[in-house]
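Asker: For reference, the chains in residue letters:
2 protein chains.
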Amino acid sequence: MKQTSLLCSRIGYTFNDFNLLNLALTHRSVSGQTNNERLEFLGDSVLNLIIGGELFTKFPQGKEGQLSRLRASLVRGETLAQIGGEFGLGEFLILGPGEHKSGGARRESTLADAVEAIIGAIFCESGYNEARKVVLRWFDSRIQALTLNDTVKDNKTRLQEILQHLKMGLPEYRILSVSGSSHQQVFQIECAITGVEERFAGSGLSRRQAEQQAAGFALASLSVKYKSAAN
Amino acid sequence: MKQTSLLCSRIGYTFNDFNLLNLALTHRSVSGQTNNERLEFLGDSVLNLIIGGELFTKFPQGKEGQLSRLRASLVRGETLAQIGGEFGLGEFLILGPGEHKSGGARRESTLADAVEAIIGAIFCESGYNEARKVVLRWFDSRIQALTLNDTVKDNKTRLQEILQHLKMGLPEYRILSVSGSSHQQVFQIECAITGVEERFAGSGLSRRQAEQQAAGFALASLSVKYKSAAN
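Read top to bottom, the protein sequences are chains A and B.
Residue numbers 1 to 231, in the working numbering, belong to the letters of the first sequence in order.
Residue numbers 1 to 231, in the working numbering, belong to the letters of the second sequence in order.
Because the hints were derived from the structure by calculation, they are not lab data.
Each hint should be verified, as a subset may be incorrect.
Just so you know, same-sequence chains aren't split out, so a pair can sit in one copy or run between any two.
Heads up, simulated DSBU-like pairs for lysine-lysine below, C-alpha to C-alpha not over 30 angstroms straight-line [stated by the list, open to error]:
hint, residue 1, residue 2
1, Lys167, Lys101
2, Lys101, Lys63
3, Lys153, Lys167
4, Lys133, Lys58
5, Lys63, Lys156
Take the sequences, apply the hints, and build the full model.
Answerer: Structure representation (C-alpha cells):
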C-alpha cells in the first residue's frame with residue numbers, strides 16, 4: 001500500500017479506491033477477466049477529449065487537421081510511455097510471471113496502456129473535470145511547447161495528398177518482413193503506388209516508423225519526377 | 001432565429017450563443033475559415049467519451065473489444081446521419097451554393113459532421129456533464145436496445161483473426177474501381193491474402209462496405225479450406 005501511495009503522489013491524484021488503481025495497473029497477462037483493458041478503453045477516450053479540448057482552446061486559428069496532428073503527437077504510445085517512465089510506473093505494474101520475466105514492465109505499449117488505464121480510473125472515480133486537471137498537469141510542458149508550426153505533415157499524409165493531387169492511386173503498404181526478438185522487432189515495409197514501377201522499402205522499430213520511411217523514399221522519388229507537385 | 005430555436009427544441013438544448021450553433025451548422029463549402037470543422041473535431045471526442053463511458057457502465061462484463069465494437073456501431077456516420085435526420089437537420093444546414101445545389105443537405109457525411117459539431121458546440125458552451133445529458137437522450141433507445149451479443153465481429157476483424165491464427169499474412173484491400181455519380185459512388189475492392197492465389201472482390205456504397213463484402217468472400221473460401229479455423 002505504501003508503494004501505491006507513492007505512485008499517487010507522483011501522478012498527483014490520490015485514489016479513494018485503491019482497488020481501482022490496482023486494476024489500472026493490472027496487465028492482461030495476470031488474468032483474462034480482471035485486468036486494465038476496460039479502463040484503458042475508457043481512458044483513451046478521456047485523454048483524447050482532454051487533449052483535443054485543450055488544443056481547441058489554445059489554438060483558435062488551428063484547423064481541424066492541424067489540431068488532429070498535434071493531438072496525435074501527444075497521445076501516441078511513445079509519449080504516454082514517456083509519461084509512465086516519469087512516474088517510474090514500471091515498478092508498480094502488476095504483470096503475469098511470463099510477462100514479468102520477458103521485460104513487460106519496460107515495454108512501451110504496456111506502459112502506455114497503463115497510463116491510459118490510470119486516466120480511465122481517475123475519470124471513473126472523480127469525473128471528467130477532475131481527470132482533466134490531473135492529466136493537464138502531466139502534459140503541461142508538452143502542450144506549452146507546441147506551436148501550429150509543429151503540424152508539419154508526416155510523410156504518409158504528404159504522399160497521399162500528392163498522389164490525390166496527381167490523380168494517382170493511393171499508396172499501399174505491405175509488410176515485407178518482421179525480424180528481431182519480440183521486444184526489438186524490426187519491420188520492413190514496402191510502399192507500392194499504382195502506375196509507378198519502383199517500390200519503396202522502409203524499415204523501423206514499428207510498422208508506423210517503417211511506413212513513414214518508405215513513404216519518405218516515395219516522396220523523394222516523386223519529387224524528382226513531378227517537381228511542382230511534391231515540393 | 002425562429003428556425004434556430006425550433007432546432008434547439010428538437011435537439012433538447014437551448015444555446016445561449018446562437019452564433020455558436022450557427023457555426024456548428026456551417027459547412028466548409030461556405031468558408032475555408034469559418035465553418036464547423038473545428039467543432040466537429042471537438043464533438044467527435046466528446047461523443048466518443050460519452051458513448052464509451054455509458055457502455056463501460058452498462059456492460060460491466062463487456063470486454064474492451066466488445067465495448068469498442070458496440071461504440072463503433074453507435075458513433076459511425078450512418079447512425080449520426082440518422083439522428084440528424086430525426087432533427088430534420090438538413091433544412092438548418094448552412095451550405096455554399098454549389099454544395100446546396102448538389103444535394104449536400106441530404107449527404108450522410110455532411111449530416112453526421114454537423115451532428116458532431118453540434119455536440120462540440122454544446123460542450124464548448126456548457127461543459128461535459130451537460131453535453132452528456134443531452135447526447136444520451138438522443139442515443140437512449142439505441143443504447144437500451146444493445147446487448148453484448150450484438151458484438152458479433154465484422155468480417156474484416158474475423159478474417160484478420162483467422163489469418164493470424166493460421167500464421168498467414170494480413171489481408172490487403174485495394175480499390176479496383178470507383179464508379180457512379182459523386183453522391184452514389186460504388187466501390188469495388190479486392191482483398192488479397194499472401195499465399196492465397198484467389199482474389200476476393202466486394203462492392204458497396206462505401207469503401208468499408210465493399211471491404212466487408214470482400215472479406216466475407218475470403219472467409220467463405222477459407223472456411224472451406226481450413227474448416228476448423230474459420231468456423
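Asker: List in ascending order the numbers of the hints, as given earlier, that are violated by the structure.
Answerer: Those not satisfied: there are none.
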